[in-house]
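Chains as they are written, first to last, in UniProt numbering: chain A, 1 to 180; chain P, 1 to 828.
Among these hints, one or two may not hold up.
[Said to hold, decoys possible] Below, computed lysine-lysine pairings styled on DSS-like, alpha-carbon distance capped at 30 Å:
(1) A:Lys66 to P:Lys182
(2) P:Lys243 to P:Lys180
(3) P:Lys180 to A:Lys125
(4) A:Lys113 to A:Lys130
(5) A:Lys66 to P:Lys241
(6) P:Lys411 to A:Lys113
(7) P:Lys223 to P:Lys197
(8) P:Lys177 to P:Lys189
(9) P:Lys180 to A:Lys151
(10) A:Lys66 to P:Lys183
[Said to hold, decoys possible] According to the in silico footprint, chain A covers these stretches of chain P (three or more CB under 8 Å from chain A):
(11) 184-192
(12) 393-399
[Claimed, not checked] To give an idea of the chain A side of the interface with chain P (calculated C-beta under 8 Å), a few residues:
(13) Asp45
(14) Ser47
(15) Ala51
(16) Leu98
(17) Tyr109
(18) Tyr115
(19) Asn119
(20) Thr131
(21) Val148
(22) Val152
(23) Glu155
Hints listed in this document are in silico derivations from the structure and should not be mistaken for laboratory results. All C-beta atoms, glycine included, are put in the ideal place defined by N, C-alpha and C.
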Amino acid sequence: MGNKQTIFTQEQLDAYQDCTFFTRKEILRLFHRYRDLAPQLVPLDYSDKPAVTLPYELIGSMPELKDNPFRQQIAEVFSEHGDGNMTLDDFLDMFSVLSEMAPRDLKAYYAFKIYDFNNDDYICKSDLEKTVNKLTRNELTPEEVSLVCEKVIYEADVDNDGKLSLADFQHMIVRAPDFL
Amino acid sequence: DGGDDNEEGSAVENEENAKGTDKGKKRAIPRTRRAHARGRDRHGDEDDEDDEGGMRRAGPRRHRSRRRGRAAGNEASDSDMEPSKARKNQANKESKEDDEEDEDEKGDKSGKGKNEKKGDKKSDKKGKKEKAKKKKDKKKSGSDSESEEEPITEEELAKLKEEVEEKKKLIATLRNKPWKMKKKLSVLKEAQLFVDKFEGALGKGKGKQFYAYKVMMTKKWMKFQRDFENFKTACIPWEMKIKEIESHFGSSVASYFIFLRWMYGINMILFGLTCGLVMVPEYLMGKPYGSLPRKTVPRAEEATAMNFATLWDFSGFAQYSVLFYGYYNNQRTIGWLKFRMPLSYFLVGVGSIGYSFMIVTRTMAKNANDDGGGDDTSFNFSWKMFTSWDYLIGNPETADNKFASITTSFKEAIVEEQESRKEENIHLTRFLRVLANFLALCTLAGSGYLIFFVVRRSQQFALEGLENYGWWERNEVNTVMSLLGMFCPTLFDVISSLENYHPRIALRWQLGRIFALFLGNLYTFIIALMDEINLKARYFLPLTMFDRLLGNIEALQSLEEEKIVKYNMTIWEASLYNGTIPENSTAPPIQVDPADVPRGPCWETMVGQEFVRLTVSDMMTTYITILIGDFLRAVFVRFFNYCWCWDLEYGFPSYSEFDISGNVLGLIFNQGMIWMGSFYAPCLPAINVFRLHTSMYLQCWAVMCCNVPQERVFKASRSNNFYMAMLLFILFLSTLPAVYTIVSIPPSFDCGPFSGKTRMYEVISETLEHDFPSWFGKVFGYASNPGLILPFILLMVLSLYYLNATSKSYKEANLELKKKLQSVRIEN
Numbered sequence: 001m002g003n004k005q006t007i008f009t010q011e012q013l014d015a016y017q018d019c020t021f022f023t024r025k026e027i028l029r030l031f032h033r034y035r036d037l038a039p040q041l042v043p044l045d046y047s048d049k050p051a052v053t054l055p056y057e058l059i060g061s062m063p064e065l066k067d068n069p070f071r072q073q074i075a076e077v078f079s080e081h082g083d084g085n086m087t088l089d090d091f092l093d094m095f096s097v098l099s100e101m102a103p104r105d106l107k108a109y110y111a112f113k114i115y116d117f118n119n120d121d122y123i124c125k126s127d128l129e130k131t132v133n134k135l136t137r138n139e140l141t142p143e144e145v146s147l148v149c150e151k152v153i154y155e156a157d158v159d160n161d162g163k164l165s166l167a168d169f170q171h172m173i174v175r176a177p178d179f180l
Numbered sequence: 001d002g003g004d005d006n007e008e009g010s011a012v013e014n015e016e017n018a019k020g021t022d023k024g025k026k027r028a029i030p031r032t033r034r035a036h037a038r039g040r041d042r043h044g045d046e047d048d049e050d051d052e053g054g055m056r057r058a059g060p061r062r063h064r065s066r067r068r069g070r071a072a073g074n075e076a077s078d079s080d081m082e083p084s085k086a087r088k089n090q091a092n093k094e095s096k097e098d099d100e101e102d103e104d105e106k107g108d109k110s111g112k113g114k115n116e117k118k119g120d121k122k123s124d125k126k127g128k129k130e131k132a133k134k135k136k137d138k139k140k141s142g143s144d145s146e147s148e149e150e151p152i153t154e155e156e157l158a159k160l161k162e163e164v165e166e167k168k169k170l171i172a173t174l175r176n177k178p179w180k181m182k183k184k185l186s187v188l189k190e191a192q193l194f195v196d197k198f199e200g201a202l203g204k205g206k207g208k209q210f211y212a213y214k215v216m217m218t219k220k221w222m223k224f225q226r227d228f229e230n231f232k233t234a235c236i237p238w239e240m241k242i243k244e245i246e247s248h249f250g251s252s253v254a255s256y257f258i259f260l261r262w263m264y265g266i267n268m269i270l271f272g273l274t275c276g277l278v279m280v281p282e283y284l285m286g287k288p289y290g291s292l293p294r295k296t297v298p299r300a301e302e303a304t305a306m307n308f309a310t311l312w313d314f315s316g317f318a319q320y321s322v323l324f325y326g327y328y329n330n331q332r333t334i335g336w337l338k339f340r341m342p343l344s345y346f347l348v349g350v351g352s353i354g355y356s357f358m359i360v361t362r363t364m365a366k367n368a369n370d371d372g373g374g375d376d377t378s379f380n381f382s383w384k385m386f387t388s389w390d391y392l393i394g395n396p397e398t399a400d401n402k403f404a405s406i407t408t409s410f411k412e413a414i415v416e417e418q419e420s421r422k423e424e425n426i427h428l429t430r431f432l433r434v435l436a437n438f439l440a441l442c443t444l445a446g447s448g449y450l451i452f453f454v455v456r457r458s459q460q461f462a463l464e465g466l467e468n469y470g471w472w473e474r475n476e477v478n479t480v481m482s483l484l485g486m487f488c489p490t491l492f493d494v495i496s497s498l499e500n501y502h503p504r505i506a507l508r509w510q511l512g513r514i515f516a517l518f519l520g521n522l523y524t525f526i527i528a529l530m531d532e533i534n535l536k537a538r539y540f541l542p543l544t545m546f547d548r549l550l551g552n553i554e555a556l557q558s559l560e561e562e563k564i565v566k567y568n569m570t571i572w573e574a575s576l577y578n579g580t581i582p583e584n585s586t587a588p589p590i591q592v593d594p595a596d597v598p599r600g601p602c603w604e605t606m607v608g609q610e611f612v613r614l615t616v617s618d619m620m621t622t623y624i625t626i627l628i629g630d631f632l633r634a635v636f637v638r639f640f641n642y643c644w645c646w647d648l649e650y651g652f653p654s655y656s657e658f659d660i661s662g663n664v665l666g667l668i669f670n671q672g673m674i675w676m677g678s679f680y681a682p683c684l685p686a687i688n689v690f691r692l693h694t695s696m697y698l699q700c701w702a703v704m705c706c707n708v709p710q711e712r713v714f715k716a717s718r719s720n721n722f723y724m725a726m727l728l729f730i731l732f733l734s735t736l737p738a739v740y741t742i743v744s745i746p747p748s749f750d751c752g753p754f755s756g757k758t759r760m761y762e763v764i765s766e767t768l769e770h771d772f773p774s775w776f777g778k779v780f781g782y783a784s785n786p787g788l789i790l791p792f793i794l795l796m797v798l799s800l801y802y803l804n805a806t807s808k809s810y811k812e813a814n815l816e817l818k819k820k821l822q823s824v825r826i827e828n
């Protein structure tokens, strides 16, 4: 396969392959997906590393993310300044972590950040409540929600401070068979 | 400078966070700040001496250091050695100088220098290992710090090498680090530059050429590996299709297709074995069609041999071809290559079974590893909360379903948590469950009896001559079996609604019942088939039907039958010589057209044919079910909805869901049949490859076009090993008949590669005699002595027991630790 593409230099592609879990083809495919969100904003030539950022609204409208209740959080965690607007680098980074080749502990680290809505490095009860409501689209009653949150804290909180730290979260999630 | 300090400190902290080890955190923070602070002074000292090298501190350079501040935390310690080395090695790359400049500017505090930084960096990067190395380095660098003017010593070389190794390791694991892409890219660049710069330089002195060559080869090898990985990923077939299905229907439906693809891979390999080592050699090098009696269509059948109906039935020309067992000649070697056909046939048969066992067990072990803890219920709610959303869903309808199912599952869990046992319901539930099981048993028994009855009837028809009956009677057995396979699972589904189990448990019961159904059907079929083998004997010997199951009687009968046929043949030959039966005839044999020679019975071909017919009819049934059950139904619902009384889309027929369990079981049983039959019909794997290939395309299309996502979208993760376990069980059961026939039943005398032998496995002893040196045969003889084999089996059983015991003890230890954790938590 020759270097028939003119979007990236060979070095850039190699660097991306080293920094993510993707192959060359996948990186190019991701670039085209990124570009398809806003063809007029994203140039076809990335060899001089233009600083192009796509706003959150465009990212959140991707079919893969549109139905995800956590898309806002995901975009914020991976974006450069925490506001949801992503450059191509952030975009690649996000999908690399979410891909199936990323190891569990890496995913756990980012999952913790995603579920931490108030960004205080702990998942406290209010974060849990928000999570449950997003998951069930507000269909549970408040008592049910609070029962669920209490159970979660009871189950996973190892150091007993009433909220989940990264260590608690990782300890709990790494065992989960459904954590994909 | 303070700012830089903070940046570096926080950069290192971030690394520690990323590793998630508290230990790392505690260690890094105080030492980092102190070490960095002290390190800078060391730089300051060195710089004064370095000034003549033309390195100036420049204000503007500070900016660069700030921007690279994060990465610099790692690089700082590397550049420690550089001032001295740079002059010695005279490797003046611009960027590296910049690095040095940046670090040099960081400040003027006093410090101990290299040792601490190095140790620091080591703890940053590797955390737990190499405390010993650190100490050694301290001593070495202690001596080094005074000797900047001396040539590179061995120790420094070794240190450099270590650093280069570390950098390489960093590059290799870079994608696992939870840093932002920008940071990763800059770290990568610097690490690569460092490695590039010093790898060449390290080669100075003895063995430089070789070292440089080694480096180049490593680089080439890595590039080749990367290209190969890219190529491999591009080679995986149907990946896009499956991903699309996954996004619409969730990972459980996609797991069926992944399973299908895996099966396709196995069948390709089996096909390669049978085709390449059995069919192709015989076709190329064996005697051509028509040269031997066994390779020719008998005169009686010649008229209809090319009809489509006959070919579809796999008789006629199809029967007398490489596709079936009967065509093969029993010559020990064929062709100019001296290809040992019977040996190859035997080994391919045994080898494909062995290969299948190995790969299924290996996949199971891999799945078990991935599963990890497995049966934990201690994190029930947490897992529900954090892992129930399927991030692969990309379709609003599926997302809706997923939301609904998550809500339901939460509600269920809440109810279970709150509810206390209600006494009155237990008896009712128990009664209902017993009733359901009873009904299921009745269905199973009924289906078994139906099959038995139908096979008996078909034997009746066969006795009276198949020409008198129409299509239905001829294909009754196959059709009935397929129909049973279609309708009984639905019946089981209805029955299971009585039971009121948790859906996962209900699924397992369902799978178990369908499994029993298919198994019962298959074995009833085989038993009836065994009868049919003996049916041939009944043409000649009037014995009763009912005590015919397996055993010496069969062998005896077919021997009897063969004796009779042989006798008939000698008489026929004699008739050719017009009455005289010459004892030791020296007269030239009369030329007879092979088609006219009377043929002996060939039960292996017959068995092979039955399996092929069953596979083909199964395939047709599946396709027709998809087309009618899914496609026509969808068309009907879509277009007749306008003129129907009730809403078809939500009401009775509605669109069908993709039946995962039914399809998976169908696949597994189909494979069981292939394994059973491929010894007698080498064409079976080829047919199966074709079937799986078309099945993939057809089902992918049908799923996307006619099915809707399921109500309860459930995850695929746990069920995989369940399917593998069933596959293994089926594999074991399928190989039993084949092994039995190899070992106990004598092969037909008039067809196949083993004709003339008393047992099929004798081909091995024959090969040992003829093709291997004599001592080999002796060794083999000793090894196959029961006196040696039995202790070996005993040893295996004991080691199995031992491994089982150790794994149990590990599990218990695990539980103990968990309990301790709990109690510690409670104490706190």
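Against the structure, the hints:
{"no.": "1", "hint": "A:Lys66 to P:Lys182", "in the structure": "holds (26 Å)"}
{"no.": "2", "hint": "P:Lys243 to P:Lys180", "in the structure": "holds (27 Å)"}
{"no.": "3", "hint": "P:Lys180 to A:Lys125", "in the structure": "holds (28 Å)"}
{"no.": "4", "hint": "A:Lys113 to A:Lys130", "in the structure": "holds (14 Å)"}
{"no.": "5", "hint": "A:Lys66 to P:Lys241", "in the structure": "holds (21 Å)"}
{"no.": "6", "hint": "P:Lys411 to A:Lys113", "in the structure": "holds (27 Å)"}
{"no.": "7", "hint": "P:Lys223 to P:Lys197", "in the structure": "holds (19 Å)"}
{"no.": "8", "hint": "P:Lys177 to P:Lys189", "in the structure": "holds (15 Å)"}
{"no.": "9", "hint": "P:Lys180 to A:Lys151", "in the structure": "violated (34 Å)"}
{"no.": "10", "hint": "A:Lys66 to P:Lys183", "in the structure": "holds (29 Å)"}
{"no.": "11", "hint": "184-192", "in the structure": "holds (count 4)"}
{"no.": "12", "hint": "393-399", "in the structure": "holds (count 6)"}
{"no.": "13", "hint": "Asp45", "in the structure": "violated (18 Å)"}
{"no.": "14", "hint": "Ser47", "in the structure": "violated (14 Å)"}
{"no.": "15", "hint": "Ala51", "in the structure": "violated (11 Å)"}
{"no.": "16", "hint": "Leu98", "in the structure": "holds (7 Å)"}
{"no.": "17", "hint": "Tyr109", "in the structure": "holds (5 Å)"}
{"no.": "18", "hint": "Tyr115", "in the structure": "holds (7 Å)"}
{"no.": "19", "hint": "Asn119", "in the structure": "violated (14 Å)"}
{"no.": "20", "hint": "Thr131", "in the structure": "holds (6 Å)"}
{"no.": "21", "hint": "Val148", "in the structure": "holds (6 Å)"}
{"no.": "22", "hint": "Val152", "in the structure": "holds (5 Å)"}
{"no.": "23", "hint": "Glu155", "in the structure": "holds (5 Å)"}
In terms of the numbered hints stated before, the structure departs from hints 9, 13, 14, 15 and 19, listed from lowest to highest.
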